[in-house]
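Visitor: As a plain string of letters, each chain reads:
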Amino acid sequence: MCEVKVITGTSAAAEAAKLADVDVIAAYPITPQTTCVEKLAEFVANGELDAEYIKVESEHSAMSACIGAAATGARTFTATASQGLALMHEMLFIASGMRLPIVMMVANRALSAPINIWNDHQDSISERDSGWIQIYVEDNQETLDSIIQAYKIAENEDVLLPVMVCLDGFILTHTVEPVTIPKAERVREFLGVYEPKHAYLDPDRPVTQGPVGVPDCYMETRKQVEEAMERAKKVIKEVNEEFAERFKRKYGNGLVEAYNLDKADTVLVAMGSVCGTIKYVIDELKKEGKEVGLLRIRTYRPFPKEDVRELLKDAENIAVLDKNISFGFNKGALGIEMASILKNKKVCNYIVGLGGRDIKIDDIKTIINHVEKAEDDTTLWIGLKE
Amino acid sequence: MQFPREEYFAPGHRGCAGCGAAIVARLLLKVAGKNTIISNATGCLEVMTTPYPETSWRVPWIHTAFENAAATASGIEAAIKALKRKRGKHADKKINVIAIGGDGGTADIGFQALSGAMERGHDILYIMYDNEAYMNTGIQRSSSTPFMAATTTSPAGSKIRGEDRPKKDMTMIMAAHGIPYVATACISYPEDFMRKIKKALSIEGPKFIQVLQPCTTGWGYPPEKTIEIGRLAVETGIFPLYEIENGEFRITYKPAKRKPVREYLKMQKRYRHLTDEDIERIQRYIDEKCKLLGL
Ligand SMILES: Cc1ncc(C[n+]2csc(CCOP(=O)(O)OP(=O)(O)O)c2C)c(N)n1
Ligand code: SF4
Chain A
27 MCEVKVITGT SAAAEAAKLA DVDVIAAYPI TPQTTCVEKL AEFVANGELD
77 AEYIKVESEH SAMSACIGAA ATGARTFTAT ASQGLALMHE MLFIASGMRL
127 PIVMMVANRA LSAPINIWND HQDSISERDS GWIQIYVEDN QETLDSIIQA
177 YKIAENEDVL LPVMVCLDGF ILTHTVEPVT IPKAERVREF LGVYEPKHAY
227 LDPDRPVTQG PVGVPDCYME TRKQVEEAME RAKKVIKEVN EEFAERFKRK
277 YGNGLVEAYN LDKADTVLVA MGSVCGTIKY VIDELKKEGK EVGLLRIRTY
327 RPFPKEDVRE LLKDAENIAV LDKNISFGFN KGALGIEMAS ILKNKKVCNY
377 IVGLGGRDIK IDDIKTIINH VEKAEDDTTL WIGLKE
Chain B
6 MQFPREEYFA PGHRGCAGCG AAIVARLLLK VAGKNTIISN ATGCLEVMTT
56 PYPETSWRVP WIHTAFENAA ATASGIEAAI KALKRKRGKH ADKKINVIAI
106 GGDGGTADIG FQALSGAMER GHDILYIMYD NEAYMNTGIQ RSSSTPFMAA
156 TTTSPAGSKI RGEDRPKKDM TMIMAAHGIP YVATACISYP EDFMRKIKKA
206 LSIEGPKFIQ VLQPCTTGWG YPPEKTIEIG RLAVETGIFP LYEIENGEFR
256 ITYKPAKRKP VREYLKMQKR YRHLTDEDIE RIQRYIDEKC KLLGL
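As they're listed, the protein sequences go chains A and B. Just so we're aligned, residue 27 is where the first sequence starts under the working numbering, counting upward by one. Just so we're aligned, residue 6 is where the second sequence starts under the working numbering, counting upward by one.
Keep in mind that the hints were calculated from the coordinates and are not lab data. Just so you know, not all the hints are guaranteed correct.
Stated by the list, open to error - Which residues of chain A face chain B? A few of them, derived with a C-beta cut under 8 Å, are:
{"#": "1", "residue": "235"}
{"#": "2", "residue": "336"}
{"#": "3", "residue": "381"}
What the hints assert, rightly or not - If you want the footprint, here are the derived chain B segments under chain A, 3+ residues with CB under 8 Å:
{"#": "4", "region": "35-46"}
{"#": "5", "region": "61-74"}
{"#": "6", "region": "290-299"}
Every residue gets a Cβ at the ideal spot worked out from N, C-alpha and C, and that includes glycine.
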């Protein structure tokens, strides 16, 4: 019924794009994303995937080409990381403002300077406000599944927003794990063929896309993006459920995943692959009779405010891990947001793993010990050299 | 040449009276016709034709940003190919994918995306409407601004005599990409321009046309002189009309006798600071260039 392959995260992403039967791929290399678009090039070269593969001259053009293709009614895919994502910045807003369901894999990597190819979340977090849905995955299976889900979410008429699926550079992109690959027909049944009903470029039905938005209408377009984000929460949950029914795998409720939360007073909140390490520590502590919980944020945008409030209502010590930093505020983005929605609770923030700094089991334990004793909402940089 | 009656560029845009960019668009669509998709860079043409909810475009049209009309068009062209092949969509028609941008959006900030799109061999026509400066932001120099023309960022002062660099030769640079068709054109020679569009659209692969478009506001002349000034640009040899088809160069309009460049310069405020000596210098420069082209 399906096949299990032992593959890297970037291969899983490429397999997913193939299963989604994308029509147009625009590709520009950047470590640690490159192996994804290389794999896709192979698929196209071998006739395994029938798609137009545009070898663009930059990430700015990659996103521009995806916008052109999506606006013409094609299912599109691209992938990038770090400086490449930063170069796309301008076009990310245009993709969401034009309500185009583009799906992109982001191999999370630190931003320059100094140049650093290793993992943290600064690149995608810096695009937080671009109107893209952001999904942070924990492992390679989730990478594949999330990219398939991403098309279903993005193309939903209540949503029509682009989606980035973020996976940790090297930790996932270059690590092999067994990944179950569903049959192409089953994915086709799940996704259907992309048939845009809203504006798209067709000579039989001429429309003007991307006109001048005068002050009289601009604000409404922004509000529509916000409303679509809100509606996306429901759609993401439904897609997660339907995916679970068909493929027997699910990721929390789609927005968040709770791990050992019921009995725990101390809860860690995090995104991405570090959640795997945290789960391991939680299981170890459990054996010692100590209950610690994890709240994994899967979709950072739209932000699952309601779920977070509900799931953390009994938690006493909340430790938020951030692989990014908002300079001048000495907190990470997730830390700031958790504090803003959990006003009467102790929310400590831990800056971890910047530029590929290892996050060790002991670091997680240090965080747990610190948050339990902390008196107020401190920020701590973990793993810094003395 | 028979001018098609259909108008796919609707009357009633918000451009300045006498705007040459509107003429570019109108002539372009007359030839390209219904089965056309336009990718328009940010600039005067885009702004004046699409203040929401109005539009001058009766063909599908998209604007994404300033520097990427060619990259956006690449995506459109690829999508059409994929949709035709995979789903039989648009199977019955040949769709003209046309990117259009000003000289700034083409020769400066959009240069990389344009070069990439041409080099990749996309089946698109790129039109550079050349008003020789950034007009939309209020007349700043571009690399296509001619030598000694005054703009707000290359003003004529007591020390510097306007733009201090010669006009970048975009058509020849595009020709160096080895694409099947490049040409220059001018709105004052509509038949020549339309013939070139028609020919370009009949060729598969990347095509580039640089069309000179006098701009009443940026150049400083009365609106009714747009066509006359364009004609003088060609008659003086300051903007020669030619095409290069599969590597073969051909002058498409040869003035019987070139007019003195002074006639052209004297009509425009952007050149009003020029002394006789300056004009002679420009004349010598033009003479040399024309000699090279056999004009
Ligand atoms: C990245 C970016 N930089 C700057 C601008 C501001 N801008 C908009 S149009 C324009 C000039 C356009 O000049 P040109 O391409 O020559 O077209 P024209 O206005 O003359 O029609 C500039 C600088 C922008 N929109 N985007
Ligand atoms: S400034 Fe020039 S190019 Fe722009 S609308 Fe006016 S005449 Fe046309």
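Visitor: All the hints need checking, so say for each whether the structure fits it.
Guide: The hints, checked one at a time:
At about 4 Å, the closest approach between the beta carbon of residue 235 of chain A and any beta carbon in chain B falls short of 8 Å, and the interface hint on this residue holds. Against a cut-off of 8 Å between C-beta atoms, the interface hint on residue 336 of chain A is violated, since the closest Cβ of chain B lies about 40 Å away. Hint status for residue 381 of chain A: violated, given a least beta-carbon distance of 29 Å to chain B, over 8 Å. Check result for the region 35-46 of chain B against chain A: holds, 5 residues qualifying (beta carbon to beta carbon below 8 Å, three or more required).
Only residues whose C-beta sits within less than 8 Å of a C-beta in chain A count toward coverage, and the region 61-74 of chain B has 11 of them, enough to reach three; the restraint holds. Evaluation of the coverage hint for the region 290-299 of chain B: breached, as 0 residues show C-beta separations to chain A shorter than 8 Å, against a requirement of three.
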